[in-house]
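**Student:** Going line by line, the protein sequences match chains A and B. Here the first sequence is numbered in the working numbering, starting from 140 and rising by one per residue. Here the second sequence is numbered in the working numbering, starting from 290 and rising by one per residue.
Hints were generated in silico from the structure; no laboratory data involved. Any given hint could be a false lead.
Unchecked claim - Facing chain B, a subset of chain A residues (Cβ under 7 Å, in silico):
no., residue
1, GLU171
2, GLY173
3, ASP215
4, PHE216
5, PRO217
6, ASP220
7, ASP221
8, GLN371
9, ASP374
10, GLN378
11, TRP518
12, LEU573
13, GLU577
Stated by the list, open to error - Listed next, with one range per pair, are the computed distances between beta-carbon atoms:
no., chain 1, residue 1, chain 2, residue 2, range
14, B, ALA362, A, ASP458, 55 to 63 Å
15, B, PRO307, A, GLY405, 35 to 43 Å
16, B, SER293, A, ALA450, 46 to 54 Å
17, A, GLN582, B, PRO467, 53 to 61 Å
18, A, ALA256, B, GLU534, 57 to 65 Å
19, B, SER293, A, GLY429, 38 to 46 Å
20, B, SER293, A, HIS203, 28 to 36 Å
21, A, GLY405, B, GLU312, 31 to 39 Å
22, B, GLU312, A, PRO559, 51 to 59 Å
Quick caveat, the model's predicted, so the values are computed rather than measured. Beta carbons: idealized from backbone N, C-alpha and C, even for Gly.
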Amino acid sequence: MPDTPDIADRHDAVCVIGAGGSGLAAIKNLREQGFAVDCYERETSVGGAWNWRHDRSPVYASTHLISSRPLTEFPDFPMPDDWPDYPHHSKLLSYLERYAQHFGLGDSIWFGTEVVAVSPVGDGRWDVTTRSTGGGAERVQRYAAVVVANGHNWFPKPLPVDTAKYRGQVIHASAYKDPAQLRGRKVLVVGGGNTGCDIAVEAAQQASTVWHSTRRGYWYAPKYVFGRPADQVNDKMLQLRLPLRLRQWIFRRTLRLTVGDLTRYGLPAPDHRPYESHPVVNSQLVYYLGHGRITPVPDVTRLEGTVVELADGRRVEPDLVITATGYLPRFEFLAPELLDIDADGKPDLHLHAFARKHPTLAVIGLVQADAGLFPLAHWQSVAVARWLRLRLSDPVRAAAVQQRESARPLRSWTRLRVVPSSRHWFEVSHTHYLRTLEDLLHQMEPA
Amino acid sequence: MRASSQVLRFADWTSPVPPVAREVLSAVPEPAGDQPPVLFVPGLGHGAWAFAEHWLGHTAARGFAAYSVSPRADGSLRAYVHDVVQVAASLPRQAVLLGHGAGALVVAHALARYPARAAVLASPVPEGWSALGAALRTNPFGTLPALFGAAPRLSRRQLFGAGQAAAAAHHARLVPTPARVYRQVLFATPPAAPVGDPPVLVVGSPDDRVVPRKALDRTAARHGGAPLLFPGMAHDLMLDESWPEPIDAILDWLTKELAA
Ligand SMILES: Cc1cc2nc3c(=O)[nH]c(=O)nc-3n(C[C@H](O)[C@H](O)[C@H](O)COP(=O)(O)OP(=O)(O)OC[C@H]3O[C@@H](n4cnc5c(N)ncnc54)[C@H](O)[C@@H]3O)c2cc1C
Ligand SMILES: NC(=O)c1ccc[n+]([C@@H]2O[C@H](COP(=O)([O-])OP(=O)(O)OC[C@H]3O[C@@H](n4cnc5c(N)ncnc54)[C@H](OP(=O)(O)O)[C@@H]3O)[C@@H](O)[C@H]2O)c1
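If we strip away everything but chain A, and leave its shape as in the complex, we get (with noise of 0.2 Å):
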């Protein structure tokens, strides 16, 4: 076989990297700017995350949304209106199936392909190296541009705790897919994501003792306040306009007067204010702790034997430690500098959409919001569409669009008071960031 394989020129089709919800929208909004696409996907079958078969899925057994219905669906494709407010996993993976199937993307995907190399060509296209997961030789296409859609919620963020003297069993919160797993064992939970708090959740109906770890004090929001979804009333707050000062005023207040004051359950009090971090959103949580059946401990600061040492010199025995500590962004198929990723492994993308300095490049869905994910990854996607169409069809406009884009402030779109922690580097406000969207979009719009 020969070194350097033939190069198959593509030609004006776009390549999608990923067929997961963002993928989607990816291949359906391209094909609807009248590109060619070809999207690879190492698994077997659409639906990333949310198809909890796929080896990196971060799904368990009783995952349930945590944004609303209305606020999750594609605006463009509404979920039937007679499902619950926070469907099950398994309706999810059901309705983006539905979605590839409405749109025949199927006929644009290339399953159990994976991606393991894009590199520029020197004229705004690029090369993509795929490579079947079965094994077997690599192929090399080039492409006019590449929208990755990899996902973000897959590569473990280590627990930076030496583990090597410990005796006990340490995972991941992604290999923790069926409470079977903490069935009758004292489990240490590691985090106070979403993640975090779920399983915490679940040990407390499962397992024989449970210890919740966090390393600060969180503003966990209950599921539904005044007799509805959380995130419905916060974006009747939002609609009206109020200030955040009042927002955050009517957040302390509301859950003063219903959930109370957490500290009295051990918890340490919320080092910022509402709004200043990722929601976490568990109605459950404090009606554990109310039973005793989680107790709240400290940071973790070392493991050795069957010893866990926390940040008060408390001292716990569990079988079993699940660090929920989230994950990180991952791009292994490119060279970091194409999206600028610094040394904590940071990509720095305009809208955390567009490469800075290479416009055919682009990623969808690298974006953590206080809403679902899917109506931001359906508008950046439009967005994308758009510009590489404006690029073919009016390169001086396109210029135009650029130099605006390049001036408009970080303010308008990213969160800048939050904790800072890797776990916000893409946090937006969903309202923000697709107001933004919104005037690029109106900016491209055909004259």
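Starting from the structure of chain A, add chain B with the ligands where the hints point.
**Tutor:** Relative to the frame of chain A, chain B with the ligands by itself:
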């Protein structure tokens, strides 16, 4: 007036339209072919039955799965649009939307929210005062009350051809629509541009006593074309004696567009 934001949908996010059991009638071809499904949307006062009479079966016979959805009781423009998009999204493939009369206005709004494969506006009622103007000329006693907040009554003569045998039976099946809903549908902010840029066909009759010829031209021009006309037919094309002509022409157009 600028249409409200298509991106920030606070109404849907903060007070979603409540679900109802929708009446959907259908006729599907055997065996199911490759053609996209067609969803028929009746105008106010009519129900899914108006298409089940002739057009659903005929459309299925020509190889397209055909569905029609009745407007919900106690509806509003927003709820009608919601129902159309819900039914469209529930179909296995990207659907063609066909709206008749005021249903064409509902479809025009739905097109801003759902990327239809194609759309047909049949005897489309124009927005705003021009709709009332035309209705006033042919049916002053049915239309005048609408100006004062009562429900307009469409006369038999307005909807159906003179010699139509079943006209009386059809007219008896119409249900009155509250004037509030009429006003909402007619005077809503004009719909935003269709998403996904679907091909749109306008069909109508120069002898329609609800929708004047000029209005047909205007609606068609907005979608970059001219209306396909069926002289001698009444407003309710799908219940007219010559019902096969327009539906055959529509399906011919569709077949051509899908091949393009
Ligand atoms: C437990 C949990 C619960 C969540 N709950 C919510 C919620 O309530 N609401 C919400 O909106 N979001 C939620 N999320 C966020 C969730 O990640 C998104 O909803 C969504 O699944 C992200 O879709 P995506 O397409 O961007 O990424 P993914 O779903 O991860 O899809 C990426 C796809 O790319 C493929 N891929 C990756 N690399 C390659 C490669 N090199 N070559 C080929 N293919 C590749 C993968 O196989 C995968 O199919 C939750 C996340 C977790 C972990
Ligand atoms: N039910 C659902 O729908 C659901 C369920 C789970 C997850 N999700 C979503 O999936 C995404 C990932 O959530 P996640 O909960 O897995 O991750 P996450 O939001 O990043 O939370 C990680 C948690 O681990 C802590 N942590 C990280 N590194 C640590 C360290 N070295 N030592 C101690 N603690 C550490 C973090 O603390 P700091 O705050 O101090 O960084 C945080 O509490 C989010 O978007 C989330 O909303 C949704």
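**Student:** Evaluate the given range 38 to 46 Å for the C-beta pair formed by SER293/B and GLY429/A.
**Tutor:** For GLY429/A against SER293/B, whose Cβ atoms are near 44 Å apart, the range 38 to 46 Å holds.
**Student:** Grab the minimum C-beta distance from GLU577/A to chain B and call the hint holds if it beats 7 Å, violated otherwise.
**Tutor:** 4 Å, holds
**Student:** Does the hinted range 51 to 59 Å hold for GLU312/B and PRO559/A at CB?
**Tutor:** 55 Å, holds
**Student:** Indicate whether the distance between the beta carbons of ALA256/A and GLU534/B respects the range 57 to 65 Å.
**Tutor:** With Cβ atoms ~59 Å apart, the hint holds.
**Student:** Between ALA362/B and ASP458/A, is the Cβ distance one that fits in 55 to 63 Å?
**Tutor:** 59 Å, holds
**Student:** Is 35 to 43 Å a correct range for the gap between the Cβ atoms of PRO307/B and GLY405/A?
**Tutor:** Check passed, 42 Å falls within 35 to 43 Å.
**Student:** Take a look at whether the Cβ-Cβ distance between GLY405/A and GLU312/B falls inside 31 to 39 Å.
**Tutor:** 56 Å, violated
**Student:** With chain B as the partner, please determine if ASP215/A meets the hint condition of a C-beta pair closer than 7 Å.
**Tutor:** 6 Å, holds
**Student:** Mind checking the CB of GLU171/A against every CB in chain B and telling me if the closest is under 7 Å?
**Tutor:** With a minimum Cβ separation of about 5 Å from chain B (threshold 7 Å), the hint on GLU171/A holds.
**Student:** Should the interface hint for LEU573/A be scored as holding, given a Cβ-Cβ cut-off of 7 Å against chain B?
**Tutor:** 5 Å, holds
**Student:** Grab the minimum C-beta distance from ASP221/A to chain B and call the hint holds if it beats 7 Å, violated otherwise.
**Tutor:** 4 Å, holds
**Student:** Is 53 to 61 Å right for how far apart the beta carbons of GLN582/A and PRO467/B are?
**Tutor:** This hint is violated: roughly 42 Å between Cβ atoms.
This entry does not satisfy hints 2, 17, 21, going by the numbered hints stated previously.
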